[in-house]
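Engineer: Protein chains in written order, with my numbering: chain A, 2 to 149; chain B, 2 to 149; chain C, 2 to 149.
In short, the hints are calculated from the structure, not lab data.
Possibly wrong hints are sitting among the right ones.
What the hints assert, rightly or not - Below, a list of computed lysine to aspartate or glutamate pairs in the DMTMM-like style, where the Cα atoms sit at most 20 Å apart:
#1 A:Lys134 - A:Asp80
#2 B:Lys134 - B:Asp23
#3 B:Lys134 - C:Glu52
#4 A:Lys134 - B:Glu52
#5 B:Lys134 - C:Asp23
Stated by the list, open to error - Which stretches of chain C does chain B cover? Using the computed rule of at least three CB atoms under 8 Å from a CB of chain B, they are:
#6 16 to 25
#7 85 to 93
#8 107 to 116
#9 122 to 132
Since this is a predicted model, take the numbers as computed values, not measurements.
A virtual CB, placed ideally from N, CA and C, is assigned to each residue, including glycine.
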Amino acid sequence: MGVTLPPCPVPIGAYLPVLVADGLLFTSGMLPLVDGQVAVTGAVGGERTVEEGTEAARLCAINAVAALAAHLGGVAELDRVARIVQVQGHILSAPGFEDQPQVLNGASEWLAAVFGEIGRHTRLALGAYALPKNATVELALIARVQPG
Amino acid sequence: MGVTLPPCPVPIGAYLPVLVADGLLFTSGMLPLVDGQVAVTGAVGGERTVEEGTEAARLCAINAVAALAAHLGGVAELDRVARIVQVQGHILSAPGFEDQPQVLNGASEWLAAVFGEIGRHTRLALGAYALPKNATVELALIARVQPG
Amino acid sequence: MGVTLPPCPVPIGAYLPVLVADGLLFTSGMLPLVDGQVAVTGAVGGERTVEEGTEAARLCAINAVAALAAHLGGVAELDRVARIVQVQGHILSAPGFEDQPQVLNGASEWLAAVFGEIGRHTRLALGAYALPKNATVELALIARVQPG
Numbered sequence: 002m003g004v005t006l007p008p009c010p011v012p013i014g015a016y017l018p019v020l021v022a023d024g025l026l027f028t029s030g031m032l033p034l035v036d037g038q039v040a041v042t043g044a045v046g047g048e049r050t051v052e053e054g055t056e057a058a059r060l061c062a063i064n065a066v067a068a069l070a071a072h073l074g075g076v077a078e079l080d081r082v083a084r085i086v087q088v089q090g091h092i093l094s095a096p097g098f099e100d101q102p103q104v105l106n107g108a109s110e111w112l113a114a115v116f117g118e119i120g121r122h123t124r125l126a127l128g129a130y131a132l133p134k135n136a137t138v139e140l141a142l143i144a145r146v147q148p149g
Numbered sequence: 002m003g004v005t006l007p008p009c010p011v012p013i014g015a016y017l018p019v020l021v022a023d024g025l026l027f028t029s030g031m032l033p034l035v036d037g038q039v040a041v042t043g044a045v046g047g048e049r050t051v052e053e054g055t056e057a058a059r060l061c062a063i064n065a066v067a068a069l070a071a072h073l074g075g076v077a078e079l080d081r082v083a084r085i086v087q088v089q090g091h092i093l094s095a096p097g098f099e100d101q102p103q104v105l106n107g108a109s110e111w112l113a114a115v116f117g118e119i120g121r122h123t124r125l126a127l128g129a130y131a132l133p134k135n136a137t138v139e140l141a142l143i144a145r146v147q148p149g
Numbered sequence: 002m003g004v005t006l007p008p009c010p011v012p013i014g015a016y017l018p019v020l021v022a023d024g025l026l027f028t029s030g031m032l033p034l035v036d037g038q039v040a041v042t043g044a045v046g047g048e049r050t051v052e053e054g055t056e057a058a059r060l061c062a063i064n065a066v067a068a069l070a071a072h073l074g075g076v077a078e079l080d081r082v083a084r085i086v087q088v089q090g091h092i093l094s095a096p097g098f099e100d101q102p103q104v105l106n107g108a109s110e111w112l113a114a115v116f117g118e119i120g121r122h123t124r125l126a127l128g129a130y131a132l133p134k135n136a137t138v139e140l141a142l143i144a145r146v147q148p149g
């Protein structure tokens with residue numbers, strides 16, 4: 002996969018990182034954490050370049066998969082993922098910035114590289130006005146998983 | 002539960018408050034209604050304090066559960082809720098406000114108090130630039146429910 | 002239906018237009034495309050009127066149903082749609098604009114006209130600060146579909 006998965010992100014509120022309901026797995030919104038800290042802050046098209054935003058999106062996806070792996074019982078259980086179904090990506094955007102899809106490709110391309118065909122997904126690429134801790138990206142996943 | 006549930010919110014457009022599809026229940030976006038009126042308006046970090054935003058989030062959750070109960074056939078049917086799966090919370094935010102998670106805890110902690118362990122959920126806490134009727138929070142739920 | 006469905010929108014990133022997981026169909030975020038180009042840009046309440054926004058929402062819904070039809074194998078397969086479950090509509094909004102529900106009715110009323118009772122859905126009407134290609138609306142659908 003080219004990365005070592007970090008530990009499951011610690012929630013910053015009264016919620017769970019991951020839940021499975023009838024074979025559909027939902028993650029909470031993930032931030033671009035490195036070592037438990039938000040590593041990329043500020044709006045793309047302003048303080049942050051598209052390249053920095055793209056890396057933030059990739060970091061969010063890595064944290065989402067780390068949470069997913071932790072929930073399933075470890076990296077070896079990731080083969081229970083039958084499909085990444087949907088990615089919802091919110092990109093903190095400076096006024097006039099309108100290339101959220103390119104930024105979110107940082108997550109989408111990493112997921113496709115890691116999971117192959119089953120990593121290809123539907124998605125919403127949205128511009129955000131404000132995000133927790135001024136993170137550059139917040140991203141949540143829905144996946145289909147098989148029973149363990 | 003500490004509150005009397007209000008009646009199911011009346012839609013302000015061409016949609017339904019709640020639907021169930023294959024055991025997953027989806028609510029529409031709920032506003033912080035009291036007596037059918039939006040009770041908390043304006044952006045957190047600007048016109049509204051974090052405490053006022055937190056109360057708005059709690060009111061949204063109360064309206065969501067009211068809609069859910071009405072759909073299932075009454076408060077007594079709430080024991081068919083097997084899990085609150087996901088909360089999507091959009092917090093109207095003033096420039097620079099970045100503590101959406103604390104605001105959304107108003108909903109998350111109320112859901113956990115009402116439903117116990119099955120009330121614990123995944124969530125997205127997002128900052129909004131504009132919301133219907135200038136409401137401080139809009140919130141939607143996904144829940145897993147058992148057949149009646 | 003009163004419209005000829007366009008071809009399935011071509012993704013503008015590393016994603017799929019539509020996926021089905023266990024009977025739930027998810028579309029990606031759809032833009033108000035006409036002939037493959039974003040036909041309505043700019044914020045409602047600013048550059049765009051409510052009427053123009055409403056038409057943009059309708060165009061997004063048309064593109065979503067076009068994608069759905071293409072995925073299922075053609076317009077004739079649309080009778081496999083058992084329910085439009087949820088619409089998530091993000092309306093590019095000028096400062097102070099708060100009538101996103103009226104704008105999103107452009108999508109909701111068209112879906113109800115096309116699908117009848119099964120076209121009635123839950124929804125989130127949200128104000129957006131920035132959207133891809135400066136589109137006036139981005140909209141995604143969840144539908145329940147029956148096996149082919």
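Engineer: Could you run down the list of hints and mark each one as holding or not?
Structural biologist: So, going through the hints one by one against the coordinates:
1. A:Lys134 - A:Asp80: Measuring from Cα to Cα gives roughly 33 Å; hence the hint is violated.
2. B:Lys134 - B:Asp23: Outside the cut-off at roughly 32 Å; violated.
3. B:Lys134 - C:Glu52: Holds, at roughly 18 Å.
4. A:Lys134 - B:Glu52: holds (18 Å)
5. B:Lys134 - C:Asp23: It is violated: about 36 Å lies between the C-alpha atoms, which goes past 20 Å.
6. 16 to 25: Since 3 is at least three, the answer is holds.
7. 85 to 93: This one holds; 4 residues, not fewer than the three required, reach chain B with a Cβ under 8 Å.
8. 107 to 116: holds (count 3)
9. 122 to 132: It holds, with 9 qualifying residues against the three required.
Hint compliance for this structure: hints 1, 2, 5 are not met, and every other hint is.
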